[in-house]
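Peer 1: Using the sequences and the hints given, assemble the complete structure.
Number of protein chains: 2
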Amino acid sequence: MCEVIVHGIPGSPYVRAVLLTLEEKNIGWRLAGVPFGANLTALYGEIHPFHKMPTLDHGEFRLYETLAILNYIDRIAPAPALRPLPVRAAARMDQVIGIVDAYAAPRLSAALSFPRLIAPMLALPVDEAAVRDAIDPAAEVVDELSRLLGGQTFMAGDSLSLADLMLAPHLVTLPHFAEGRTLLRQHDNLSAWIILVEARPSMACTTMERLLELTGIELLPIEDSA
Amino acid sequence: MCEVIVHGIPGSPYVRAVLLTLEEKNIGWRLAGVPFGANLTALYGEIHPFHKMPTLDHGEFRLYETLAILNYIDRIAPAPALRPLPVRAAARMDQVIGIVDAYAAPRLSAALSFPRLIAPMLALPVDEAAVRDAIDPAAEVVDELSRLLGGQTFMAGDSLSLADLMLAPHLVTLPHFAEGRTLLRQHDNLSAWIILVEARPSMACTTMERLLELTGIELLPIEDSA
Chain X
0 MCEVIVHGIP GSPYVRAVLL TLEEKNIGWR LAGVPFGANL TALYGEIHPF HKMPTLDHGE
60 FRLYETLAIL NYIDRIAPAP ALRPLPVRAA ARMDQVIGIV DAYAAPRLSA ALSFPRLIAP
120 MLALPVDEAA VRDAIDPAAE VVDELSRLLG GQTFMAGDSL SLADLMLAPH LVTLPHFAEG
180 RTLLRQHDNL SAWIILVEAR PSMACTTMER LLELTGIELL PIEDSA
Chain Z
0 MCEVIVHGIP GSPYVRAVLL TLEEKNIGWR LAGVPFGANL TALYGEIHPF HKMPTLDHGE
60 FRLYETLAIL NYIDRIAPAP ALRPLPVRAA ARMDQVIGIV DAYAAPRLSA ALSFPRLIAP
120 MLALPVDEAA VRDAIDPAAE VVDELSRLLG GQTFMAGDSL SLADLMLAPH LVTLPHFAEG
180 RTLLRQHDNL SAWIILVEAR PSMACTTMER LLELTGIELL PIEDSA
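One line per chain: the protein sequences are X and Z, in this order.
When we follow numbering that gives the first Met the number 0, the leftmost residue of the first sequence carries the number 0, and every step to the right adds one.
When we follow numbering that gives the first Met the number 0, the leftmost residue of the second sequence carries the number 0, and every step to the right adds one.
Rather than coming from a laboratory, the hints here were simulated on the basis of the structure.
As the structure is a computational prediction, the values presented were derived from the model and not from experiment.
Take the hints with a grain of salt, since some may be wrong.
[Claimed, not checked] From chain Z, some residues computed to sit far from chain X (all C-beta separations above 12 Å):
(1) Ala-78
(2) Pro-119
(3) Val-125
(4) Ala-133
[Stated by the list, open to error] Below, a sample of chain X positions facing chain Z; criterion: calculated Cβ distance under 8 Å:
(5) Phe-60
(6) Ala-89
(7) Asp-93
(8) Ile-98
Don't be surprised by glycine CBs; every beta carbon is placed ideally from N, CA and C.
Peer 2: What follows is the structure in structure tokens.
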């Protein structure tokens, strides 16, 4: 298999979802690390026309949009299986992936995990009123994910699927700050899911700390331009 | 097959993507029409916890998130095929679907088609400065879709796929207002694609006019609460 290169910022939950999938499929990868904010340059626009991340290069084939990348990896490396075969379980997998994109990413990661965990490292100011206003919308997401998980082990049934890998980067951050712990308090099933997912080797080798080390990127305080 | 019910507002591009897919698969459907704004009620929250649309009911199985619904329909009714088999074509299909969600929906439909085509019917005020500011971001989306379409007939190759059905409701509106026509001017391939897609019987029976008629919903001027 040609070398697989992933472009993106270490710490991006979308980048991590792709790296997790590559790890679970035992595919070697290299992270072409993008320093925080450098995705906005014209140069990076050649890699992703909307300046988001990640972008995957597989040989000369270039692809962006996280779900498309996860599906692509799953198609070029069918084992181990990361999609349930039963139609309704597959539908739940797709639904959770959609919920991550539409609700978990903005309401959990952007609105809460970023100001609580990343902003301090970059010495960015935090709008405390915005964080307070973000709690109720975040609770709606956590409640719904807990409802969909129900008594299952993983989001789409008894086996790990792409839904878990897409969701993991947005949920495993919650136990690391007070508001996140409060959000999880009444959802023992999600807390158990977080512990189960965190124990996977794929998680250990895709932490922000390891990705910073691998790419040699340093987190430097950003001058406040606000 | 149990009755398929789709919940949503006539005219919603996401609702139309699902109805198009059902039509292309020759599956009968009923639109449980939601009047404009009624998706925000607590009652509708039982149907979609985030108050978006559509939600599909297939017998007692309930599913929301448009992409999950399209995939579900494709799995329960495999013919005619709406996914390309080659891995890279499938990846392009997934990518276009992702682009629709992330960029086409907000930048084309919400920011331009809504104020130009829907707001007047509802007697809603239009922020002309916001419409002007929306042109450049919309052009980025149209440029990229044109680049991805290239010389192909459909978005993922020579055959119609879920990508075309997801995208169609956001693009076929553009020829109906001046800014939309300007956006398409230098993209003959997209203009040809629009003509090709518009000619499908599935499009004719999912127009907003027909859906309003089927559901008995009337578009009434909304009192400006701004």
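Peer 1: Can we trust that Pro-119 (chain Z) is non-interface, i.e. its beta-carbon lies farther than 12 Å from all of chain X?
Peer 2: holds, 28 Å
Peer 1: Would you say Ala-133 (chain Z) is clear of chain X, with no C-beta pair closer than or equal to 12 Å?
Peer 2: holds, 15 Å
Peer 1: Does the nearest C-beta of chain Z fall within a distance shorter than 8 Å of the C-beta of Asp-93 (chain X)?
Peer 2: holds, 4 Å
Peer 1: Are Ile-98 (chain X) and chain Z close enough, Cβ to Cβ, to be under 8 Å, as the hint says?
Peer 2: holds, 6 Å
Peer 1: So, as I understand it, the hint says Phe-60 (chain X) touches chain Z; can you test that by seeing if any CB pair is closer than 8 Å?
Peer 2: Result: holds, 6 Å to nearest chain Z Cβ.
Peer 1: Ala-78 (chain Z): least C-beta distance to chain X exceeds 12 Å?
Peer 2: holds, 15 Å
Peer 1: Over 12 Å from every CB of chain X: does Val-125 (chain Z) meet that, or does the non-interface label fail?
Peer 2: Fine: 26 Å to the nearest Cβ keeps Val-125 (chain Z) off the interface.
Peer 1: Does the closest beta carbon of chain Z sit nearer than 8 Å to the beta carbon of Ala-89 (chain X)?
Peer 2: holds, 6 Å
When each numbered hint is compared with the structure, no violation occurs for any of them.
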